[in-house]
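Asker: Sequence:
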Amino acid sequence: MGAPSLVRSQWQALVELRAGHLIARTGLRGLSADDSRRFRTYPAPTISALLRYGFIREVDGAYDITDHGLRALEVLPRR
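Numbering-wise, the sequence shown is residues 0 to 78 according to numbering that gives the first Met the number 0.
If you are wondering where the hints come from, they were derived from the structure by calculation, not from laboratory data. Keep in mind that a hint or two might mislead.
The calculated label-pair distances, taken between Cβ atoms and stated as ranges, are [unchecked claim]: (1) 33 / 57: 20 to 30 Å; (2) 76 / 32: 30 to 40 Å; (3) 70 / 8: 13 to 23 Å; (4) 29 / 76: 31 to 41 Å; (5) 31 / 76: 33 to 43 Å.
All C-beta atoms, glycine included, are put in the ideal place defined by N, C-alpha and C.
Take these sequences, add in the hints, and give me the full structure.
Answerer: Take a look at the structure:
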C-alpha cells in the first residue's frame with residue numbers, strides 16, 4: 000500500500016474550505032443567491048472520506064475544515 004494522499008476532489012474541497020467557503024450538507028436548494036455564493040457541493044464519497052479522517056466537521060448544517068484538515072493540505076500529496 001502506498002503513502003497516504005488526497006484524491007483530487009478531497010484536495011479541492013479542503014482548498015475551498017480553507018479559502019472561507021463552506022460545503023453545503025444538503026445541496027444548494029433553498030439557499031438565497033447571497034448564501035449560495037458562500038457554499039460549495041461535493042459528492043457524498045468525498046464528504047464521507049473527509050469526515051472519516053477528521054478533515055472536516057459539521058457546523059450548523061454545513062461542513063467546515065478542521066485543524067487536522069488544514070495540516071493535511073500542508074503534508075499530504077495530491078493524487
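Asker: All the hints need checking, so say for each whether the structure fits it.
Answerer: Here is what the structure says about each hint:
| no. | hint | in the structure |
| --- | --- | --- |
| 1 | 33 / 57: 20 to 30 Å | holds (22 Å) |
| 2 | 76 / 32: 30 to 40 Å | holds (37 Å) |
| 3 | 70 / 8: 13 to 23 Å | holds (19 Å) |
| 4 | 29 / 76: 31 to 41 Å | holds (37 Å) |
| 5 | 31 / 76: 33 to 43 Å | holds (38 Å) |
When the structure is compared with the earlier hints, no violation turns up for any of them.
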